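Engineer: So the protein lines, in turn, are chains Z and L.
Everything in the first sequence is counted per full-length UniProt numbering, starting at 1 for the first residue and increasing by one.
Everything in the second sequence is counted per full-length UniProt numbering, starting at 1 for the first residue and increasing by one.
Identical chains blur together in the list; that is why a pair holds if it fits in one copy or across any two.
Under the rule of at most 25 Å between Cα atoms (straight-line distance), these lysine-lysine pairs were calculated in the PhoX-like manner: (1) LYS272 - LYS151; (2) LYS397 - LYS462; (3) LYS264 - LYS151.
These are computed hints drawn from the structure, not numbers from a lab.
Note that the structure is a prediction, hence the values are computed from the model and not measured.
There are 2 protein chains.
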Amino acid sequence: MRRIILSIFTFVLVSSIVSARNYTQFVDPYIGTGGHGHVFLGANVPFGLVQVGPTEMTRGWDWCSGYHYSDSILIGFGQMHLSGTGIGDLGDIALLPTLDNRQRSARFSHLAERVRPGYYSLMLDGSGIHVELTATQRVGFHRYSFPADTKTGRIILNLKQGIGWDKMTSAGFKQESPTVVTGFRHSSGWAKNQQVYFAAVFSRPVILEKQENDSVGIFSFTNHNESVMVKVGISAVSTDNALKNVEAEIPGWDFNGAVAAANKAWNDELGKIDIQTDNERARRIFYTCLYHTMFAPSIFNDVNGDYRGADGTVHHGDFVNYTTFSLWDTYRAAHPLSTLIHPTRQRDIAATMLNICAQQGKLPVWHLMGNETDCMVGNPGIPVLADIALKGYNVDKEAVYKALRQSAMCDDRGLNLLKKYGYIPTDLDSTYETVAKGLEYALADACVARLAKQLGKTEDYKYFLKRSLSYRDHYFDKRTGFMRGVTSKGRFREPFDAFKSIHRQDDYTEGNAWQYAWLVPHDVHGLVKCFGSEKRFAAKLDSLFIVDGDAGEEASPDISGLIGQYAHGNEPSHHIIYMYDYIGQPWKAASKLRYVMNNLYRDSIDGLCGNEDVGQMSAWYILSALGLYQVEPAGGKYVFGSPLFKEAAVNVGNGKTFRIIARNNNEQNIYIQNAKLNGKTYTKSYIYFQDLKRGGTLEFVMGPHPSKFGTAVKDRP
Amino acid sequence: MRRIILSIFTFVLVSSIVSARNYTQFVDPYIGTGGHGHVFLGANVPFGLVQVGPTEMTRGWDWCSGYHYSDSILIGFGQMHLSGTGIGDLGDIALLPTLDNRQRSARFSHLAERVRPGYYSLMLDGSGIHVELTATQRVGFHRYSFPADTKTGRIILNLKQGIGWDKMTSAGFKQESPTVVTGFRHSSGWAKNQQVYFAAVFSRPVILEKQENDSVGIFSFTNHNESVMVKVGISAVSTDNALKNVEAEIPGWDFNGAVAAANKAWNDELGKIDIQTDNERARRIFYTCLYHTMFAPSIFNDVNGDYRGADGTVHHGDFVNYTTFSLWDTYRAAHPLSTLIHPTRQRDIAATMLNICAQQGKLPVWHLMGNETDCMVGNPGIPVLADIALKGYNVDKEAVYKALRQSAMCDDRGLNLLKKYGYIPTDLDSTYETVAKGLEYALADACVARLAKQLGKTEDYKYFLKRSLSYRDHYFDKRTGFMRGVTSKGRFREPFDAFKSIHRQDDYTEGNAWQYAWLVPHDVHGLVKCFGSEKRFAAKLDSLFIVDGDAGEEASPDISGLIGQYAHGNEPSHHIIYMYDYIGQPWKAASKLRYVMNNLYRDSIDGLCGNEDVGQMSAWYILSALGLYQVEPAGGKYVFGSPLFKEAAVNVGNGKTFRIIARNNNEQNIYIQNAKLNGKTYTKSYIYFQDLKRGGTLEFVMGPHPSKFGTAVKDRP
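Full structure from sequences and hints, please.
Structural biologist: Quick look at the structure:
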């Protein structure tokens with residue numbers, strides 16, 4: 001063997017992994033899959049209807065997405081999952097590859113699991129079956145590699161199981177050909193009347209080996225060297241449409257190609273914000289957050305334009321219909337972020353909302369699979385739709401206004417009382433949470449007023465402006481400095497404990513009086529006046545982050561991520577820190593924002609301090625890391641905070657980039673010293689959407705001490 | 001969708017898993033991979049040269065097979081491994097699939113691992129690459145499924161690494177074509193001059209991306225939907241032969257077919273003993289033991305008949321050449337089992353041993369990859385070869401006798417002293433262990449004497465008979481009742497401590513005086529006489545299982561599996577319990593044998609109480625579970641113990657089955673009450689090989705109390 005001549009032809013391929021334009025590498029899909037993050041784990045594409053991934057048994061609140069990191073048993077790979085909600089649903093149309101036709105679940109370990117945006121891979125414990133998943137918008141693409149010593153492979157189609165409250169009401173399936181199985185699953189849960197149709201296309205002939213009722217089918221096939229693949233198209237309309245979705249989105253069997261396409265889709269979306277930083281941990285958190293902001297709203301129509309409307313019937317449209325609107329959460333930061341980086345989606349989101357309004361008589365509150373769940377309080381669809389209109393997106397403002405007004409003027413969910421009393425009396429409303437409702441309605445009403453004013457509807461403007469001041473005129477208690485429940489006699493409800501919380505059975509929603517004292521994002525200066533002076537407001541706001549009290553044993557589990565009584569783990573607190581800008585003390589915001597970003601967001605399984613809430617928790621981080629936050633619910637005033645990175649380039653659409661540079665930025669230099677916008681000195685502590693939208697460069701100089709920046713009255717928001 | 005007509009065509013395929021003839025299902029390959037079992041884990045076929053599996057870093061004694069269950073990092077998948085040895089070697093020609101060309105090891109978890117006879121599967125932690133391995137006799141067959149998001153897959157060829165003492169001395173490789181890489185690895189370790197040649201045939205073109213010296217090559221390829229496969233042929237002769245081995249054994253790319261073939265090969269071999277029992281645990285232990293007895297000796301020639309001889313040169317033969325002879329262990333039970341169930345291999349084993357003798361001047365002691373390691377003491381090749389000849393296998397007895405005699409008469413390893421003094425004086429031998437050497441030589445000499453007698457070589461017979469009695473004439477100390485070291489002046493060495501052990505630096509080998517008092521398997525009755533009476537012998541033997549003493553801090557780690565001073569974890573104890581048969585007290589054997597089978601063999605990772613020792617520990621269990629044990633080293637007298645199962649059917653070759661039935665057998669009924677051979681009353685407490693060989697039925701009736709069976713002097717062995 002001395003004759004072997006060693007090859008000297010050596011070259012190194014540059015690994016695509018280290019390419020500068022690969023953003024998916026920074027995403028850690030496990031963040032938030034433990035603790036109470038309730039984050040979905042699996043394969044999807046941005047805003048896809050399909051979120052295919054492991055579905056575990058529902059063992060409690062922490063299984064809302066169908067997956068909690070602590071678990072090690074799955075019952076299949078469902079095609080759809082929620083991410084970050086506080087209520088479970090979906091998990092529909094689950095497949096489980098198995099060796100044993102009696103098996104209905106499988107053990108697994110995270111050590112045998114690998115996840116990247118758009119790709120999920122797992123080797124099942126025991127059977128050793130290797131599962132790979134990817135997705136397009138409407139199709140879950142499964143590849144199962146059975147162990148080489150398998151003679152007969154099996155795939156269990158499970159239409160019975162669902163997540164959380166979800167219960168199958170009827171189901172059925174039919175083998176259309178040796179390789180095609182179609183069927184449906186109707187269920188009632190969080191979404192009261194959910195209809196899912198599917199078409200499962202197998203890469204090789206399968207035989208229905210066994211069937212249990214209408215809901216479980218065990219398909220078998222002879223195992224060969226090739227993996228078996230299944231494409232599961234989903235439709236809310238029909239099996240025909242489900243099959244069309246498969247044919248249009250994944251015509252062939254190139255699984256790796258589908259994974260690459262999903263990766264590209266994610267990379268394109270994540271690349272809309274390019275950050276420069278040496279902080280790898282923060283970069284990982286940032287891109288994971290950005291990833292999480294694009295799980296919803298989810299595309300909810302078929303490739304041919306058919307969709308199931310809020311009225312339960314099938315419609316056809318030339319727009320992209322969406323679902324999964326967790327609006328009480330997402331109006332705060334997720335939609336304001338969306339308006340910045342997803343301009344082309346705004347028209348479709350608006351169209352979806354207007355259609356829902358036409359079909360159900362009001363804008364969506366919490367829409368899921370065409371169903372209005374009426375979850376949470378207020379009219380959170382109003383700020384979202386108003387924001388799109390006020391920011392100048394190409395929508396019919398009159399139609400928008402009509403929908404806003406109609407939603408604000410309907411009679412359900414306490415609005416009848418609001419119209420009559422100007423507030424919602426605690427003794428007349430049967431479902432509690434009257435302060436939260438009142439404050440949420442008030443901020444929505446401010447959005448209606450704003451658009452009314454722009455459209456010259458003066459009477460309406462005055463009417464809704466008045467309603468938007470209910471916080472001041474009714475709920476604010478000057479004596480205690482809190483928003484309090486008010487009876488029909490106009491008296492504050494007694495007894496009162498500012499710390500106490502009884503989950504969904506007191507005057508607030510997932511919070512206490514301390515957290516709800518600040519829910520006036522639409523009129524911060526008005527709220528300051530309630531306290532008597534900026535000094536007294538500041539004293540109270542300072543104390544929020546310090547005071548310690550007992551919320552009691554029945555407290556809402558959503559009150560989490562606490563700093564004093566500031567609860568970052570739940571949405572009503574999200575704008576509060578930025579209120580310091582309104583009283584000329586932005587440095588107090590800066591230190592707290594940095595604390596929250598560094599400590600309440602972690603690159604770990606339980607890295608979120610509360611439910612992800614369908615992207616809202618993450619969107620807060622994205623905007624805050626950019627140094628921007630839209631406190632006022634609609635219109636586009638982004639208040640400055642403390643930018644986290646050296647530089648961030650935001651693709652704001654139309655080929656424009658808005659660049660945010662923070663010179664001398666580091667862990668100590670957290671305070672803005674001065675700013676330039678497109679080279680010119682900029683003194684305001686906020687910037688308008690239109691200035692962001694046209695592109696340009698905002699250049700901050702950061703320093704270790706508070707500066708005068710943003711303190712002059714004229715420069716405050 | 002109401003139109004769906006649910007299919008009612010349902011049928012159940014009978015799972016092949018529950019087929020009665022599937023023996024591989026009872027094998028748990030993990031047994032003995034933890035603790036100190038040193039068992040190989042991976043894919044191989046019975047007696048194959050290739051044992052392909054994960055190779056971990058050598059972290060200590062427990063990594064002799066390259067794999068210890070406690071570990072979680074592997075450095076590749078080597079083509080060859082030892083199983084159960086106390087010294088590490090092999091691990092040659094390792095492949096590691098990777099995403100990152102800087103990676104040289106991979107984390108893994110047993111939760112992502114699945115192993116069945118002839119098949120190994122693992123999902124690597126981190127990279128998510130799915131590895132599957134199978135084997136033929138001379139080829140390791142690898143299938144790597146890279147994650148679907150992989151663009152460039154990489155396979156590291158590592159010729160540098162080895163296990164234990166093994167160090168590469170030279171290596172090289174050459175890319176012969178886009179899909180073929182050949183090369184060699186020469187190393188020095190336990191085997192001083194090991195030569196391995198290989199041919200790696202890839203299922204798709206690979207490019208040499210990077211090379212480190214002559215010993216590491218990183219090959220890359222573009223990842224597609226298909227898995228990449230590699231067939232690694234191994235030869236000790238040349239790369240051409242390695243390639244021929246691939247072409248002959250795995251001409252195509254049917255990986256699953258190769259797995260099925262490996263499974264069939266195992267099933268055929270395991271099916272040679274069919275047991276009937278309700279004890280699933282014991283069945284699992286039994287078939288795992290049977291599996292472990294067939295890892296060695298390993299086939300050690302090429303498909304064309306070429307092999308590398310003990311003289312280091314290439315030979316050609318028309319027989320199957322073997323290697324990995326752990327004879328000091330395996331002459332005791334593994335070879336006596338082999339002569340029963342592997343009749344067609346005996347001629348080749350004998351031919352291999354005779355050739356080795358011709359090439360190196362003596363029979364193998366511990367042969368590894370054509371190298372004589374001279375490991376352990378005595379002449380353990382003699383009983384193995386003599387046994388084959390005495391049992392009537394078709395070998396040239398004169399040639400066999402010549403080899404036995406030559407080995408017994410050479411001058412190395414203390415034999416010169418033995419020839420001069422009749423024993424090995426402790427003060428003249430430089431390597432200790434003189435008592436162990438003397439006793440091992442004595443039992444080998446008894447085998448030589450026996451064949452000499454049969455061949456009518458009277459002088460030789462007398463000479464070797466005399467030598468076989470050295471235990472009595474020299475080592476046995478009547479005063480203490482132990483075998484002791486003797487000086488050249490004929491005095492017992494002082495000081496003497498029957499409990500003390502200093503590993504490999506005292507008069508015994510991996511044991512103390514208590515364990516070596518019994519190493520006279522060739523003349524048990526003679527040993528009894530040394531003690532003065534059966535009663536005194538029995539008293540001493542009883543005490544063996546009770547006495548407790550301190551072996552000291554430098555004791556051999558091989559003294560394990562202790563019951564008193566009986567050490568089941570090491571081989572010199574293996575025949576001891578059966579000695580009770582020789583003094584008419586078989587019931588004392590029965591209870592102890594059951595205790596050992598039930599407690600010192602467990603169906604767990606650390607289920608072996610000592611090193612597996614290349615099948616010997618397992619072979620003890622197989623024979624003991626059948627109720628048989630060959631105490632006397634050659635000739636075929638199998639002594640009865642306590643059969644563990646209701647029934648065992650042993651395929652003894654030539655279409656014959658020997659059936660052992662144990663009526664009323666259970667956990668309490670452990671004592672043989674009476675026996676019938678082929679329907680006739682049988683009173684002897686032993687049976688000859690020739691009676692087993694011709695097939696038939698041995699029927700025991702078991703009971704809860706000792707019986708008269710085997711107590712009469714004429715019925716004892």
